[in-house]
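> If you want the building blocks of each chain, they are given just below.
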Amino acid sequence: MTRARINGAAVPYLPRGVRLHDDRVRGIRVLLAPERVIQLDPVGHAILSELDGKRSLAEVILTLCTRYEAPPEQIEGDVQDFLRDLMDRRMVFLDGEAGRPA
Amino acid sequence: MRDDPAPRDIDGNPVRVGLPMAMLAELTHRCPLACPYCSNPVELTRASAELKAAEWADVFRQAADLGVLQVHLSGGEPASRRDLAEIAAAARDAGLYVNLITSGIGLTEARLRELDGAVDHVQLSLQGIDAEMADWISGYGGSFARKMQVAEWVRAIGFPLTLNAVVHRQNLDRLPEMIELAEQLGCRRIEVATVQFHGWADLNRRPLMPTQAQATRAREVVDEARRRLQGRMVIDYVPADHLAAFPKSCMGGWGSTGLNVAPDGTVLPCHAAQTIKGLAFENVRDVPLARIWHDGAAFNAFRGTGWMPEPCASCERREIDFGGCRCQAMALAGDARATDPVCSRSALHARLRAAAEAEAASDSTVLVYRRMTREKRG
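Quick mapping for you: the protein sequence lines, in order, are chains E and W. Residues in the first sequence are numbered consecutively from 0, following numbering that gives the first Met the number 0. Residues in the second sequence are numbered consecutively from 0, following numbering that gives the first Met the number 0.
Pulled out of the complex, with its shape left as it was, chain E reads as follows (with noise of 0.2 angstroms):
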């Protein structure tokens, strides 16, 4: 990962074409995206279900702390990695980029 941190006031979100969908026929969660199907853990899902499009990452974070009763550092250590790698293969952008719909 050579990407650098993502900025607490971005505002992460899936972009069109990338969505979660709860496969009933194997019993999981999975993000469909162009030409990819990623099964995802219970942590995985949680992080993108919290993405809205409105609050930051920094919120998402925090809310993500309550629930799990968890260390802002370790979860903001997990979020930072999870969303840089899905930055990379382009299934979330940040708020202000690219193809972000009107």
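Derived by calculation from the structure, the hints in this document are not laboratory data. As the structure is a computational prediction, the values presented were derived from the model and not from experiment. The reader is advised that the hints may include incorrect statements.
To be verified - Covered stretches of chain W (chain E as the covering partner; in silico rule of three or more C-beta atoms under 8 angstroms from a C-beta of chain E):
#, region
1, 134-142
2, 153-164
3, 226-234
Unchecked claim - Derived, one-sided and incomplete: chain E residues facing chain W with beta-carbon distance under 10 angstroms:
#, residue
4, Arg-18
5, Asp-22
6, Arg-23
7, Arg-25
8, Val-36
Every residue gets a Cβ at the ideal spot worked out from N, C-alpha and C, and that includes glycine.
Once you have looked at the hints, place chain W on chain E.
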């Protein structure tokens, strides 16, 4: 209850059956373009034999129940179906992720707007970097200009766009410009796929076979572009088969994650599977999709590894690439069980490679275009 619940491969070994993830729906074999590497079979299906929109809707529901998550609406050119919007909406209503694979020809802004809300992602084919190359390869004057117009509409509506560049000896040197074009069009992804030499492409080996130098250079171009574009655009690259040391894992393993429904409803483990003699394929008009997937002899034929002869049977890569492509083994070795001759461990590899090098050294630019015969045009 069925009589014979234990699925077996072509040699009678028991196999384990998983669930399919993706379905290629070939809505029609009709296409205004005539690309000389088309993946459709050389024997094309008539329009009159195509599944109706209501039949596709039923197939999509069956596919979703079976575990399919993504459907790729393809052809031929899917826009050659006047009822494309109805078909796409049915796929969405079945709960599938809908990917439209198109040349752009036949789409208008109004037709694209009809697809808004049903189609998740658009994949636009690219035959060349300018009108001269693209119109020559596609055999269709004006195709390049039309495509660029379609890309504009796609962007205006907001569909995510992937450019799908098929590369070969005639256009591989222009790869850097293809990647630039994808950037300019605002693509999230570009797929750079070297021609697979089956079907129509097999008739065009001499004009299309890339050289070793081109393949080496393309790898460098892709690696450099991936570094430069990290976080901006994803590059998926399918290198030249004949110049690699090991074969590709075709379809991620026969009958493991994908299936293909042909225009007339024939269900195939891959789009070229009908070239394998001796396999019988069932039709979704006659047999439920789940039964074809789980019990169909053609799907079970090459599942697992039990059917493999040596050198595949004891190879440490047998569950990585599954011995490569069965159709290519059939075409080149005359036996669908054989090691794909593109594998460096195949006894036929040296001969295949020498042939590819001779083809790549040809200066032929004579293309055999994909055409329906008159009586098949329907």
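> It remains to establish, for every hint, whether it holds in the given structure.
Consistency of the hints with the structure:
1. 134-142: violated (count 0)
2. 153-164: With 4 residues in contact (Cβ-Cβ under 8 angstroms with chain E), the coverage given for the region 153-164 of chain W holds.
3. 226-234: That given contact holds, which follows from 5 residues of the region 226-234 of chain W lying within Cβ reach (below 8 angstroms) of chain E.
4. Arg-18: holds, 8 angstroms
5. Asp-22: Since chain W brings a Cβ to about 7 angstroms from E:Asp-22, closer than 10 angstroms, the hint holds.
6. Arg-23: holds, 9 angstroms
7. Arg-25: holds, 6 angstroms
8. Val-36: Holds - the Cβ of E:Val-36 comes within 10 angstroms of chain W, reaching about 5 angstroms at its closest.
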